[in-house]
Each structure stands twice: as C-alpha cells, then as structure tokens.
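Since chain Z is already given, all that's left is putting chain A on it; use the hints.
So the sequence lines, in the order shown, correspond to chains Z and A.
Each residue of the first sequence is one higher than the one before, starting from 1 at the first, in my numbering.
Each residue of the second sequence is one higher than the one before, starting from 129 at the first, in my numbering.
Treat the hints as calculated values from the structure; they're not laboratory data.
Treat the hints with care, since some could be wrong.
Said to hold, decoys possible - Coverage of chain Z stretches by chain A, computed from C-beta distances (three or more under 8 Å per stretch; other residues unrestricted): (1) 72 to 83; (2) 91 to 102; (3) 108 to 114.
What the hints assert, rightly or not - In the SDA-like style, the derived pairs of lysine to any residue whose C-alpha atoms are separated by at most 20 Å in a straight line are: (4) K109(Z) / N513(A); (5) K380(A) / V244(A); (6) K206(A) / S352(A); (7) K73(Z) / L469(A); (8) K380(A) / S352(A); (9) K380(A) / S424(A); (10) K94(Z) / A165(A); (11) K94(Z) / A412(A); (12) K73(Z) / E162(A); (13) K109(Z) / S190(A); (14) K270(A) / D303(A); (15) K109(Z) / A412(A); (16) K546(A) / F621(A); (17) K109(Z) / N579(A); (18) K456(A) / F477(A); (19) K94(Z) / D389(A); (20) K109(Z) / S191(A); (21) K380(A) / A473(A); (22) K109(Z) / D161(A); (23) K109(Z) / N239(A).
Fair warning: this is a prediction, and the values are worked out from it, not measured in the lab.
Ideal Cβ placement from N, Cα and C applies to all residues, glycine included.
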Amino acid sequence: MKRTGVAVLLFAFAAGAAVAQDAPIPAWSRTKAAVEGRGTPVERGAAVFNNWCSACHSRGPQNAPGTSSLQFKYQGSLPAALEDRKDLTAEQVKFYVRNGVAMMAPFRKTEVGDADLEALVAYLTRQR
Amino acid sequence: MPTPPPGVSERDFAAALRQLEEVVGREWLFRTDEDVALYRDGYSPLWGEAEERKASAAVAPSSVEQVQGIVKVANQYKLPLYPISTGRNLTYGGAAPAYSGSVVLDLKRMNRVLDVSERDKTCLVEPGVSYFDLYRHLRTNKIKLWIDTADPGWGGLIGNALDRGGGYTGIDYRDHFDAHCGMEVVLPTGELVRTGMGANPQAKTWQLFKYGLGPWVDGIFSQSNFGIVTKMGFWLMEEPEAALQVAVTVPKRRDVVPLVDALHSLMSSHTIPSQVNVVSPLMAGNDPELTRLRGSGGASDADWDRFAATRGGTPFWAAQFVYYGPRKVITAQWEHTKDALGGIAGVKFAETASYTFPLTDEQVEAVADKARYGIPSLNLFSSRNAPGAQPSEGHMDFSPMIPPHGEELIALTDFTGKVYADQGFTPSFVGGLMFHPRTMICFHAVPTFRNAADNQRTRKLFEALVRGCAERGWPIYRIHPVFQQLGMQMYGFNSGSLHRLHETLKDAIDPNGIVSPGRYDIWPKRLRGSRA
Numbered sequence: 001m002k003r004t005g006v007a008v009l010l011f012a013f014a015a016g017a018a019v020a021q022d023a024p025i026p027a028w029s030r031t032k033a034a035v036e037g038r039g040t041p042v043e044r045g046a047a048v049f050n051n052w053c054s055a056c057h058s059r060g061p062q063n064a065p066g067t068s069s070l071q072f073k074y075q076g077s078l079p080a081a082l083e084d085r086k087d088l089t090a091e092q093v094k095f096y097v098r099n100g101v102a103m104m105a106p107f108r109k110t111e112v113g114d115a116d117l118e119a120l121v122a123y124l125t126r127q128r
Numbered sequence: 129m130p131t132p133p134p135g136v137s138e139r140d141f142a143a144a145l146r147q148l149e150e151v152v153g154r155e156w157l158f159r160t161d162e163d164v165a166l167y168r169d170g171y172s173p174l175w176g177e178a179e180e181r182k183a184s185a186a187v188a189p190s191s192v193e194q195v196q197g198i199v200k201v202a203n204q205y206k207l208p209l210y211p212i213s214t215g216r217n218l219t220y221g222g223a224a225p226a227y228s229g230s231v232v233l234d235l236k237r238m239n240r241v242l243d244v245s246e247r248d249k250t251c252l253v254e255p256g257v258s259y260f261d262l263y264r265h266l267r268t269n270k271i272k273l274w275i276d277t278a279d280p281g282w283g284g285l286i287g288n289a290l291d292r293g294g295g296y297t298g299i300d301y302r303d304h305f306d307a308h309c310g311m312e313v314v315l316p317t318g319e320l321v322r323t324g325m326g327a328n329p330q331a332k333t334w335q336l337f338k339y340g341l342g343p344w345v346d347g348i349f350s351q352s353n354f355g356i357v358t359k360m361g362f363w364l365m366e367e368p369e370a371a372l373q374v375a376v377t378v379p380k381r382r383d384v385v386p387l388v389d390a391l392h393s394l395m396s397s398h399t400i401p402s403q404v405n406v407v408s409p410l411m412a413g414n415d416p417e418l419t420r421l422r423g424s425g426g427a428s429d430a431d432w433d434r435f436a437a438t439r440g441g442t443p444f445w446a447a448q449f450v451y452y453g454p455r456k457v458i459t460a461q462w463e464h465t466k467d468a469l470g471g472i473a474g475v476k477f478a479e480t481a482s483y484t485f486p487l488t489d490e491q492v493e494a495v496a497d498k499a500r501y502g503i504p505s506l507n508l509f510s511s512r513n514a515p516g517a518q519p520s521e522g523h524m525d526f527s528p529m530i531p532p533h534g535e536e537l538i539a540l541t542d543f544t545g546k547v548y549a550d551q552g553f554t555p556s557f558v559g560g561l562m563f564h565p566r567t568m569i570c571f572h573a574v575p576t577f578r579n580a581a582d583n584q585r586t587r588k589l590f591e592a593l594v595r596g597c598a599e600r601g602w603p604i605y606r607i608h609p610v611f612q613q614l615g616m617q618m619y620g621f622n623s624g625s626l627h628r629l630h631e632t633l634k635d636a637i638d639p640n641g642i643v644s645p646g647r648y649d650i651w652p653k654r655l656r657g658s659r660a
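Extracted from the complex, chain Z is given alone in its bound form (with noise of 0.2 Å):
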C-alpha cells in the first residue's frame, strides 16, 4: 500500500494560519469536516480537501491512489497532484465531485455539502 507527501495539520487552518504545501498530512487527520465556517473560502477548501480528497489525491504518490493513477495518465504533463494544478476550474472541480470518475464514487452532499464544494472550488482553483 501507498502513502503520501502534503500540507498542513487541520489544527493549523483552525487556527486560521495560510494554506502551507509541504508538511505531511498525518493519515489519521483526513477525515471529518473540522473547521466549517472557519477562515477564508481557500482555508475553508483546504480543510474539506484534507478531510474528503487527501486520501486518494494528496501530493504522493504514496498514500495517495488517486495522485498515483494520475502520474501514470499524465506522464508529466500536468501535475498528478489537484493541489498543484494551475489549470483546474470550477466546472471541472463540481463535475468530479458530483459525478465520480472511474474507480472515484461520486460524493453525497451528505459528505461534501453544496458550502463545501464551492469552497473545495475556490481552494482548487487559487492558483489560476
């Protein structure tokens, strides 16, 4: 099995601190919707891709199926990891979400609500 290579502690976005890249993400903390309502949309976004997307899409590969599956569709020429992407827009973002795309399962809005996906949007596309 695999494992991964991100960003922040969801302790740091409660606090409100910016939106790091290069911390790992403990496996442990990539659940839950923590830090609702808190911070900026991109902070916001962030959390929800921690908690929803890190397990399958963080920066890997290990630890990230979905960052690996990726690697191997793009050969370098997009980044395997969403979060590096300069070229995600919001169509894009919802569309995945909400429909799912070969082995991903769609997600509910009982697990990522109408809130979070824009939020989720603003985080993913901060670098457009």
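Same frame as chain Z, now just chain A:
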C-alpha cells in the same frame, strides 16, 4: 417531481415527501434528478440499463427521533426505505437500493462517536461514523486502542458489520459483526429496541456482555431488512507493545496443502493472531503461458512445477501474517511457527516489518500494510497501475468460502480459471484469505464497466462463478444486491426453507414491508411478485 416507487401514487408520493421534509428540514430531503443521482452505484453491473437499481429520493436524518418520524411516514404511504450508513459499500452495491424506487435513508449525518472506554476497550457509535472518523478520534484523544478497519477507510463500522465485512487484526476484532456488542434498532413499526444488556436501562455492561437475557436476536439485523440500526457497540483491541509482520513462502504447487494445514493449526492455538493471506506470487500477472495453464482448468502438478521452474525462483505460494503483543512473546511465536512449518522442503521465512507502539504520525504514514495495524486508508483505490493503462471502472467482489485446505484452494483455482477463460476474461488473482477462524475466503474482483455490452459479459461470468462454485461446495458469504436472489438460491436446502423463514420473519416484523424490500432477496408479502 421524481418518479414514485412502484405502487405509490404520485399524489401519495408528493404528500410523503412533504411530510419527510417536515421531519428533516428542506436541506436534507433530496428529490431532484441531480441530487438523487448521487445515490447511484458507480460499480453497478447494470449501469445505464433499464434494470439498474435507482432511488426515487433520499432523506438524511440527524437523530433517532427523525428516523422514527421517517418510518412513521413510510408506514402511512407504504413507502420503501433503503437505509445506508456511510454509503460506501462499493463492490456490494454502494448507496443504491436493492429495489428501484426506494427512498434512500442516508444515515451519514448521524456521525457521533458516542462513547469510547479505554478501560473496557469498547466503543459505541452511530451509523455515519467511518473508520477514518473513529481512528481520528482515538489518535486525537491519545486513546491506546486500535480499530479494525475494512480496506476502504471511508466505510462505516455499522454498515460494514451489518453486511458482515472483515479486517485484518486479532481474531476477536476482524470479523466485524462478531466484534459488535449491543445495538439499538428502530424497527419497521417505529418502535425502538436495544439488544443484549441494553434492554436494561441501568445495565453497566451494554458494550461488555453480548447476550442479555432471552433469545439473542442481533444476528437477524445483519444481511437483512428487519430494522434500522441506529447505534452499535464494538470491542476494540488494546494497542500492543509490538508487532512483527512475516512472510512464509513455499516453492511447489502441492506445498499449499501442508502449509495451510499448519497455518490453520497455528491460528487455532492462537499462535498466529492475525488474518492470514495465502496467495500465489507465481500465478500473478498476464503471462501467456500462465493464462493458458490457468484457463485449462486441469493442468497437473507436474505441469505447474515445470512452469514454476522457468520463473526464476518465484515461490508458488506465500503466506503473510502479523504477530501482535509483547516483543518477547511474538519472538517466541515466530520461532514456534518456523518449527511447525520447517518440514516443508524449500520453505523460506522472512520478517517484512517490525513496529514498536505507539507510532508517531510520520511512522503511521510510512506503514505499508496499514489495515493490518488498524490504520484506515483508501490505498486500494488505484484506477491505473501502469503508464497509459486504461483505468479500472469498478468491480464486484465474488467471495466463495472454502474449508482451510490447500486441496480446496487448488480445486477452486482450477475451476474458476477455466470459467474466466471460457467467458473470455483473464483469470483473477489467486489467494485464500483466512479472515474467519475455520474458513478461507477466495476473493475475486470481477470487473464492472460503464457500458452495457461489457457488463452483460461480466454478469454472465459472475453467475457462472456463483453457480459453479456453489455446486462444488463453495457458496459465497456476501453478494451485490443485483445478485442477492441468485446468492440466496444457493442456500436452498429443503426447497428454500431458510429463505421461507426469512420471509416469515419479515412479515411479522415489517407488516407494511417498508424497510429495504428485496435486500438479500427478502421480500415483504405485498411485493413478492417483484422477485424476478
């Protein structure tokens, strides 16, 4: 306006949805096509076909009282409900109902860890609690207990236990239904029941003693549709001092017979505490000669051993397992294991990982086989494993149960290899996994697709596997809703008397037939004509 369930008028359905909205609030009733589509099973073998199992709406309560309110409305309109916990039972149906038109009762919002006792090594949780959630709770609060996680960490303790899923750690924990202790159930009539010691409100032992007094009824709420479980207690494993993960390999095909016999004895004596995988490294991959041998269905031991001799020393079989406990004890257990297996010519032993607990966060990240240490992940969800490869879309688990005998593993491998080849598929992974104390499960991931033509082939393969294996004494232990009728038919002793008993219970417990009609082929009287 969504399409009503069969037999419910549009007027009644509209009235029912209005009342459900009053129970949970507007935000938590899902009725648009876009929202209801989120409850489709992305791995459905009927994806996009008219028979695909789809919900008519979904409702997401946040409390037991709201569940009871929903059940009251459902009884009034004979509205079929389909409870899910985290909705991630992928490969066994996901969040989609067994009966099209059902309203999914999405319990994900009921996600509280209600109690953890480090002293008693127990927990009490709601249905929306995932393995990730409970693990995080334990880590955050520095509680030295382990969870036993299913492979996908987003699965729920309650949903997985009720479908009788499993994990990897100690024998008391990895059979997830067996590891539960006490449940709370909203019956289809709306009445609230607590099982075991929970029926005594003053009892201090709800999560400690399973049986209470009188008949022990917990089993009827697993793989069934007799109630909506809203709380469940579980026993948790105390964090050990240390763990040692090992591998044992043997070179020849028939070596699996003494290997499995010895491993079974070592498990029975509690020398080996963990789940044991017996897999074939030699039979992995798509080598043409391998595919030919597997597809023949009857290659001899000599044929296989000649093949093995050309594969650079790759062992025919490998067993993997873990010891948990004090370092001195696990060292002695490993030495005893080597003594017990040392008589197999060519056997090799390897220590593959060693840990001393507790682990730091960085050490947790570095653990390769996370589930064997109660660490949840989604590491199995990789769609592509090679540059430019076509992504996997989904699969169904085919999971026949065999005795813990190497001869049976060989016979099943021969049989299924031929079935795959005859149906035009590459034979699946070969292994027998000893989750339970007296059986092996031989999981196969049967691929599913997003197109009808390929899924038609998959369904034919799946049915051939289910029927053929059952005829040979290897029925499945769990099955996707699309095949639950077929699965139950394989349990047909005395013209299906067990199934008749299930439906007798259904009629008594759920007179209006509102909870999960058709799940595990149990139909309420009013819908028995719906059985295909």
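Does the structure keep K270(A) and D303(A) at a Cα separation of 20 Å or less?
-> The given pair, whose Cα atoms are some 25 Å apart, is violated under the 20 Å limit.
Given the proposed pairing of K109(Z) with S191(A), does the C-alpha separation stay at or below 20 Å?
-> With Cα atoms ~17 Å apart, K109(Z) and S191(A) stay inside 20 Å; holds.
Are the Cα positions of K380(A) and A473(A) separated by 20 Å at most?
-> 9 Å, holds
Holds or violated: K109(Z) to D161(A), with C-alpha atoms at most 20 Å apart = 13 Å, holds
Are the Cα atoms of K380(A) and S424(A) separated by 20 Å or less?
-> 19 Å, holds
How does the coverage statement for the region 72 to 83 of chain Z fare against chain A, requiring three or more residues with Cβ below 8 Å from a Cβ of that chain?
-> holds (count 3)
20 Å limit on alpha-carbon distance, applied to hinted pair K109(Z) and S190(A) | Satisfied, since the Cα-Cα distance of roughly 14 Å is no more than 20 Å.
Are K109(Z) and N579(A) close enough, with their CA atoms no more than 20 Å apart?
-> The given pair, whose Cα atoms are some 26 Å apart, is violated under the 20 Å limit.
Pair hint outcome, K73(Z) versus L469(A) [Cα-Cα no greater than 20 Å] = At roughly 44 Å apart (the allowed maximum being 20 Å), L469(A) and K73(Z) break the hint.
With a cut-off of 20 Å on the C-alpha distance, tell me whether K380(A) and S352(A) pass.
-> Distance of about 43 Å is beyond 20 Å: violated.
Given hint F621(A) paired with K546(A) - CA-CA distance at most 20 Å | Violated, because 28 Å separates the two Cα atoms, which is more than 20 Å.
Mind taking a look at whether chain A covers the region 108 to 114 of chain Z? Criterion is 3 or more residues with CB to CB distance under 8 Å.
-> This one holds; 4 residues, not fewer than the three required, reach chain A with a Cβ under 8 Å.
Hint violations for this structure: numbers 4, 5, 7, 8, 11, 12, 14, 15, 16, 17, 19, all remaining hints satisfied.
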